[in-house]
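Here the protein sequences line up with chains A and B, keeping their order.
My numbering puts the last residue of the first sequence at 489; the count rises by one with no breaks.
My numbering puts the last residue of the second sequence at 1489; the count rises by one with no breaks.
Be aware that a few hints might be false.
Stated by the list, open to error - Derived list of chain B stretches under chain A, where covered just means 3 residues or more per stretch with a C-beta under 8 Å from a C-beta of chain A:
| # | region |
| --- | --- |
| 1 | 1120-1130 |
| 2 | 1139-1147 |
| 3 | 1188-1194 |
| 4 | 1272-1281 |
What the hints assert, rightly or not - Label pairs and their computed distance ranges (CB to CB):
| # | chain 1 | residue 1 | chain 2 | residue 2 | range |
| --- | --- | --- | --- | --- | --- |
| 5 | B | Gln-1460 | A | Glu-161 | 37 to 45 Å |
| 6 | B | Ser-1069 | A | Ala-268 | 31 to 39 Å |
| 7 | B | Ala-1370 | A | Gly-293 | 56 to 64 Å |
| 8 | B | Ala-1268 | A | Gln-22 | 36 to 44 Å |
| 9 | B | Ala-1263 | A | Glu-161 | 49 to 57 Å |
| 10 | A | Arg-219 | B | Ala-1370 | 50 to 58 Å |
| 11 | B | Ala-1366 | A | Arg-381 | 50 to 58 Å |
| 12 | A | Arg-164 | B | Ala-1396 | 51 to 59 Å |
In short, the hints are calculated from the structure, not lab data.
No residue lacks a Cβ here, since even glycine has one placed at the ideal position from N, Cα and C.
2 protein chains.
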Amino acid sequence: MLPHIQLSDLSDVPRYRQLYDQIRLAIVSKAIPDGERLPATRELAGQLGLNRTTVSAAYDLLINDGLISGQVGRGSFVTNQAVSSNSGLNWQQLLNAGLPAPAFVADSDISFVASRPSELLFPLEDFRRTCQEVISSGDAANILQLGTPAGYAPLRRYLLEAARQEGTGRPTDDVVVTSGCQQALDLIQRSLVSAGNIVAIEDPVYPGLKNAFAVGGARLIGVPVGRDGVDLEALARMLKSERPRLLVITSSFQNPTGASIPANARAALLRLAQEHRVVLVENDIYGDLRYEGERVPTLKQMDTTGDTILLRSFSKTAFPGLRVGWIVAPREVTRRIAEAKQWCDLHTDQLSQAVLLRFCESGRLASHRARMLTAGKERLRAAMDACTRHLGGIAAFTRPEGGMSLWVTFVVRMDTADMLSRAQREGVAYLPGRHFAVTKEHRSSLRLSFAGLPPDRIEQGVAVLGRLFGEETRRLRAVLDSEPEPAVV
Amino acid sequence: MLPHIQLSDLSDVPRYRQLYDQIRLAIVSKAIPDGERLPATRELAGQLGLNRTTVSAAYDLLINDGLISGQVGRGSFVTNQAVSSNSGLNWQQLLNAGLPAPAFVADSDISFVASRPSELLFPLEDFRRTCQEVISSGDAANILQLGTPAGYAPLRRYLLEAARQEGTGRPTDDVVVTSGCQQALDLIQRSLVSAGNIVAIEDPVYPGLKNAFAVGGARLIGVPVGRDGVDLEALARMLKSERPRLLVITSSFQNPTGASIPANARAALLRLAQEHRVVLVENDIYGDLRYEGERVPTLKQMDTTGDTILLRSFSKTAFPGLRVGWIVAPREVTRRIAEAKQWCDLHTDQLSQAVLLRFCESGRLASHRARMLTAGKERLRAAMDACTRHLGGIAAFTRPEGGMSLWVTFVVRMDTADMLSRAQREGVAYLPGRHFAVTKEHRSSLRLSFAGLPPDRIEQGVAVLGRLFGEETRRLRAVLDSEPEPAVV
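Produce the complete structure using the sequences and hints provided.
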């Protein structure tokens, strides 16, 4: 017999994963004996009021673990192979609970899934030339030798000098190179957050940002993001009532909404952060991808205390496959972060650090960026035109001036995760809103990452979504109209 | 006034750092007011019974933090600049306590400090050719695009196939690529250890291994390492009394001792691990560097349960500056580790993964390894001959058959950390034993990493150490002989 299954809608953990965890525990603890038959996916979905794909996803994980075996037509049986396949350890009991990645969304013909540049835009010839210069330079042996936790010294000097010239780096600041922005978030978590500390983040937000802090046991509080970025009134209330230790803000072209904070709101945000003595982390990995409108200074530039911790990366402006980002922060902070980094991975890969330095110094990054801005502008324009045309009556959507994504919220409540398989059958994929949930669920929203697709594909893809979601909206409206209001009891 | 300073000899934290932490806290908490004069280094050293360099190292960190200012001839004064330099945050209070790296030992003319290959042995032409093949291949755009947490698929397949052919990878095993072996240790800590869990490690051991687990709050227990690797009797007692969750073993050419576990002892170790149901992690990053004697199977190869988690890396056999290692382990484990990795750094740098794959497939790694083995054999031989000649009467040393280091223990008790500055003045550097301390202190020991030096430099360097430590041994023996035995009370 299955144990009593209880699924929380408010959890960060998706429901298929909650279901998997609970059945897994029951099998491993022998509450369900070997050989027992599990309910069919359709049957269990009915019992629990779940979509059948949710139950299937949980069963797939159990089959993968060797805990059940599925036989077509006969149902699924508990085999507990994971335990009995060797005389050794019970990994299911030994492993710490993980924070699973969002359910994998396979790329479709037209994929709005990943927030990344198109590889068709990569300047391969420039990259090859850069590599050749680096490996034939006199520093090649040095690059291949063991490095230092804070980063390859010539790159660090270059980034620090650039930050000073731009006005983001003060004399009291330093730079530490990280293995991409994701590691910067992890190192900040390790250096500045303890289990139980409150960390305020935007809601919705990129899962990697949320989970970098969640793995360390931080209590996450979401601050709503509107058209102009984070909602300052909600932020002020939250800072007062919750007194978070850390506030993480993506000031420009936030992921997933694409929203940017206007200059005057940035000044107000800085005053709030200072007043409440919260550590402000500015995630600025999209800031260089402005296609329209006026450039706004970073929070770090505007911060008169110099305390803001600024995160940057080459992943969005150059090549995501090379994992190089950096932190600009007061020297006390960079020093502790470099110390923590040593025990994480010794130092960031030096070949990529040297190649990206040369890519900058040779002016090739600037040329590439100019081409990215031209392509990005077209793609953003295509995405907004297509949304206006095809989603006009049924959804609201953000209007970014740069970055890689926009955020669509349907007017009638529905679950974009449930709609995904229908879209995929028609060759279109996106990331459902719930992946970005912090405090709110965002089930009726989805992220459209447009940067990887040419304008005509964007138009085609959004047209498909418009048709599917339009049908669903009409169906739901009809149901709502036909259902009598429930009695108030 | 300084607060009462209490330093522990048993702590993993070096004394200069303990002293720094306590004074820092007193300044930051205003227990010592701004403007107050601190005792001179010589004076405080006398009061606390410390070496003066220990106090100087602590003061240097405080000056670096802006907490005190040193004026020649006038002593050091509390300035608390770190707090008053801006109107903002007090980083000294906000930052989590770090685990500092071992006090930096500057490379000398003859440096036995780092356990790494000499860059003069790097096959730069082969490396350049390899890079060129990778960047001009049809997969270049793919390599530059966002990858997956478990690793670049062609490299993962290659490593898994190699592990299966060698008999280290079973059908139930999988491979996950890590950003070097240091990250493998970190990910294992995150996936299998919780704060307060007991982790058994070798004593002495490489600081990066110890600290990877210490940062997660594990309780570390050291198992003594002898000529034949870890002491099995001590291990058996410890497994019984302490019931650790994890046991981390470097089976071949352990760092720092160079000791290897013979085949029959490996079988006994596996039986012990299985009997006590401890998770066995085999760190095998030096195993390919055997210069003499017969190859011994890895624990993973001999393990009939298949549970051993095997760590490997390209850092020691190819290029330390490229951060690529890998884990071979049961699929349940690699899956959870890949999940944890996603929140640490998304994935390992793909340029280096692709370059190292090509370096293997082209046969260039095998050629390079053959040359490394020839050079390593000469260097190991030179190191052992020099130790026999110059340290014969005053120290015991290990006799490795491969790897990069040997371990020297002086017969008369002395502190090799205190002797270091004398050696450096004569152009020779090494890592003092205390850096490798777990349960025991190893103050009378030091690590000689010979792999980075040609035979004649090894001979010169060990000759200097022989002379200095010989003089100190004679001095200490004379003091001991002249001191009357204390009364037993």
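**Asked** Which numbered hints does this structure break?
**Response** Violated: none.
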